[in-house]
Amino acid sequence: MASASPPGSLTDHDEVFRLVFEAAPNGIVVIDAQGTIVLVNRQAEKMFGYERQEFIGLRIEDLVPKRLRQAHVQHRKGFSENPSQRVMGMGRDLHARRRDGSEFPVEIGLTPVKFPSGMLVVSSIVDTTERTRTENELRRYAAELERSNADLRNFAHVASHDLREPLRKITAFGERLRKHCAGSLDERGCDYLQRMTDASHRMQGLIEDLLAFSRVSMHRLPVQDVDLDKVLDTVLEDLEIRIGETGAVIERATPLPTLQADRSQMGQLFQNLVSNALKFHQPGQPPRLIVSAACPSPRRVRLEFQDHGIGFEPQYAERIFGIFQRLHGRQEYEGTGVGLAICRKIAELHHGSITALGKPGTGATFVLELPLHQPTPPAS
Amino acid sequence: MSPANTILILADDDPDDRLLTREAFEEAGYQGTFQFVEDGRQLLEYLDHSRKSLPGIILLDLNMPRMSGYEALSELKADQALRRIPIIVLTTSSADEDVLRSYDLGVNSFITKPASFQELTEVAKRVIDYWLETVKLPPQH
Ligand SMILES: Nc1ncnc2c1ncn2[C@@H]1O[C@H](COP(=O)(O)OP(=O)(O)O)[C@@H](O)[C@H]1O
Ligand SMILES: [Mg+2]
Numbered sequence: 001m002a003s004a005s006p007p008g009s010l011t012d013h014d015e016v017f018r019l020v021f022e023a024a025p026n027g028i029v030v031i032d033a034q035g036t037i038v039l040v041n042r043q044a045e046k047m048f049g050y051e052r053q054e055f056i057g058l059r060i061e062d063l064v065p066k067r068l069r070q071a072h073v074q075h076r077k078g079f080s081e082n083p084s085q086r087v088m089g090m091g092r093d094l095h096a097r098r099r100d101g102s103e104f105p106v107e108i109g110l111t112p113v114k115f116p117s118g119m120l121v122v123s124s125i126v127d128t129t130e131r132t133r134t135e136n137e138l139r140r141y142a143a144e145l146e147r148s149n150a151d152l153r154n155f156a157h158v159a160s161h162d163l164r165e166p167l168r169k170i171t172a173f174g175e176r177l178r179k180h181c182a183g184s185l186d187e188r189g190c191d192y193l194q195r196m197t198d199a200s201h202r203m204q205g206l207i208e209d210l211l212a213f214s215r216v217s218m219h220r221l222p223v224q225d226v227d228l229d230k231v232l233d234t235v236l237e238d239l240e241i242r243i244g245e246t247g248a249v250i251e252r253a254t255p256l257p258t259l260q261a262d263r264s265q266m267g268q269l270f271q272n273l274v275s276n277a278l279k280f281h282q283p284g285q286p287p288r289l290i291v292s293a294a295c296p297s298p299r300r301v302r303l304e305f306q307d308h309g310i311g312f313e314p315q316y317a318e319r320i321f322g323i324f325q326r327l328h329g330r331q332e333y334e335g336t337g338v339g340l341a342i343c344r345k346i347a348e349l350h351h352g353s354i355t356a357l358g359k360p361g362t363g364a365t366f367v368l369e370l371p372l373h374q375p376t377p378p379a380s
Numbered sequence: 001m002s003p004a005n006t007i008l009i010l011a012d013d014d015p016d017d018r019l020l021t022r023e024a025f026e027e028a029g030y031q032g033t034f035q036f037v038e039d040g041r042q043l044l045e046y047l048d049h050s051r052k053s054l055p056g057i058i059l060l061d062l063n064m065p066r067m068s069g070y071e072a073l074s075e076l077k078a079d080q081a082l083r084r085i086p087i088i089v090l091t092t093s094s095a096d097e098d099v100l101r102s103y104d105l106g107v108n109s110f111i112t113k114p115a116s117f118q119e120l121t122e123v124a125k126r127v128i129d130y131w132l133e134t135v136k137l138p139p140q141h
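Those sequence lines, one after another, are chains A and B. Residue 118 in the working numbering sits at position 118 of the first sequence, and the numbers go up by one each step. Residue 67 in the working numbering sits at position 67 of the second sequence, and the numbers go up by one each step.
To be clear, the hints were calculated from the coordinates, so they are not data collected in a lab. As the structure is a computational prediction, the values presented were derived from the model and not from experiment. Ideal Cβ placement from N, Cα and C applies to all residues, glycine included. One or more of the hints may lead you astray.
Computed cross-link-like contacts, BS3-like style, restricted to lysine-lysine with a CA-CA straight-line distance of at most 30 Å [to be verified]:
(1) B:Lys-77 with B:Lys-52
(2) B:Lys-125 with B:Lys-77
(3) A:Lys-46 with A:Lys-66
(4) B:Lys-52 with A:Lys-169
(5) B:Lys-52 with B:Lys-136
(6) B:Lys-125 with A:Lys-179
Simulated DEER-style distance windows between Cβ atoms [unchecked claim]:
(7) B:Pro-15 with A:Asn-154: 55 to 63 Å
(8) A:Asn-149 with B:Ser-50: 46 to 54 Å
(9) B:Gln-31 with A:Glu-237: 53 to 61 Å
Over 12 Å on every C-beta distance to chain A, these chain B residues come out as not near it, computed from the model [as the list claims (entries may be wrong)]:
(10) Glu-45
(11) Leu-54
(12) Ala-115
(13) Phe-117
(14) Glu-119
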């Protein structure tokens, strides 16, 4: 450095330093050994709301909230007996006081500088209002998330027990009514009763499915190596009867990989996609489904379930993943609209994604992207 | 054993379930007597007063006010004379922990209340067939 030719004269240097000092993003306040402010920069003026003339000559304690002044004098004494560069008030919430008496949270770095005339202390001050606010917001958000998870767990319990209870009675007394009073009911009465019974069965289905959804949401993944070909084997075996009845053709275009996942959730996911393909086929045509896998990157796998069924309008491609969202009346196709919501939840729990492509009358393709490896969960 | 002189206790706080269970047993051909109690305390009180003619079987709900099925079970199984009465848990729960805890406390069967009356009648048939017509119950003093 000494050998490098200086960019200008000494006065130029002073000017450069002054400009840097003034332009620093931190507030800088320099005090002497007695705690009197001897130098401030522009940012400090802005932060504290003092004009420079009034600033110089104030005591540093004027910048400290009244209730903390006493303690501050003690701290300062301690510091001047044992001066070192350090962060002030580690682990404490520090606050500074503006000219108008208002307070704001700060972080302060202290640097002692020795001069022949005595010691100066340079404090570099950062207003952390914004950061504190963001941190508080994050904390609040995390707490809210935890609470809503707890709500969900609670809800699952309520749904499983308290909601099912009265429904069980409605169903049972409906049966009793039909058995005992069918004779005294006219045709219309019997029709009402039938509709009532059907509705309560449907509600039972909704509750069961909702429960299945919330169980998936609450799940902690116990991952293992899962051979997706075997998962598909099992799902197709389970659906054997439906496949036989509908004359479905299922084409396994490529082998499927082995990846880290929750085996039973992968089964649930495949089961939902395959049964949708079996259900939403073109009237009069047997269902056709092509399952294939590709590796777009060495760490991820992309699975496609492509059918030649009734398809759907592309603008609904996202909506169908919502809970209870269906595009068809239950007279046409039965279901509760929870299947795809469960699929998406499972994909997300595995740090993957699922999307749909569709064209009415042509078919639908469900694209599932999953990482081959799951991050190891933090030990708790 | 003749079902006609059997006493079946149904311990359940829910009046709908008491009605449905009774009708299901009647429909399944049960000929004996019903005794209804609404919580664990009533169950123990009833048993205490009828040491001379103990029931053939107890259908026990778990979730009951005042004294739960579990508490009643612990007391019952601690009593030399009462511990032999077969107990069938009939509850809305199907949770593993309830199943395990019930068997740990010495119940003979665990049945989750079925969703339909038809199924409940099937359950009643099987209970009658097995517990009242197949197995030999402890003698009722
Ligand atoms: N393979 C498919 N072809 C056409 N539409 C589909 C297909 N799969 C799902 N859908 C549409 O998405 C909706 C939601 O699907 P899902 O959540 O599985 O519910 P459900 O099967 O109970 O109707 C379905 O009601 C249907 O309208
Ligand atoms: Mg479905």
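With 46 to 54 Å as the target window, see if A:Asn-149 and B:Ser-50 comply at their CB atoms.
50 Å, holds
Run the C-beta distances from B:Phe-117 to all of chain A and say if the shortest one exceeds 12 Å.
Not fine: 4 Å to the nearest Cβ puts B:Phe-117 too close to chain A.
Agreement of B:Lys-125 and B:Lys-77 with the hint, judged by alpha carbon distance not exceeding 30 Å
At roughly 26 Å apart (the allowed maximum being 30 Å), B:Lys-77 and B:Lys-125 satisfy the hint.
Can we trust that B:Ala-115 is non-interface, i.e. its beta-carbon lies farther than 12 Å from all of chain A?
The claim breaks: B:Ala-115 does not keep its Cβ more than 12 Å from every Cβ of chain A (closest is about 6 Å).
Please work out if B:Lys-125 and A:Lys-179 have their alpha carbons no farther apart than 30 Å.
18 Å, holds
Please verify whether A:Lys-46 and A:Lys-66 have alpha carbons no more than 30 Å apart.
Holds, at about 20 Å.
Please check whether the beta-carbon of B:Glu-119 is more than 12 Å away from every beta-carbon in chain A.
9 Å, violated
Say whether it holds or is violated: B:Leu-54 keeps its Cβ farther than 12 Å from all Cβ of chain A.
The claim stands: B:Leu-54 keeps its Cβ more than 12 Å from every Cβ of chain A (closest is about 30 Å).
For the range 55 to 63 Å, tell me whether the beta carbons of B:Pro-15 and A:Asn-154 fit it or not.
27 Å, violated
Take the C-alpha atoms of B:Lys-52 and A:Lys-169, compute the straight-line distance between them, and say whether it is at most 30 Å.
36 Å, violated
Run the distance test for B:Lys-52 versus B:Lys-136: straight-line Cα separation, threshold 30 Å.
Within the cut-off at roughly 19 Å; holds.
Quickly compare the C-alpha distance for B:Lys-77 and B:Lys-52 to 30 Å and report which way the hint goes.
18 Å, holds
Checked against the numbered hints above, the structure breaks hints 4, 7, 9, 12, 13, 14 and satisfies the rest.
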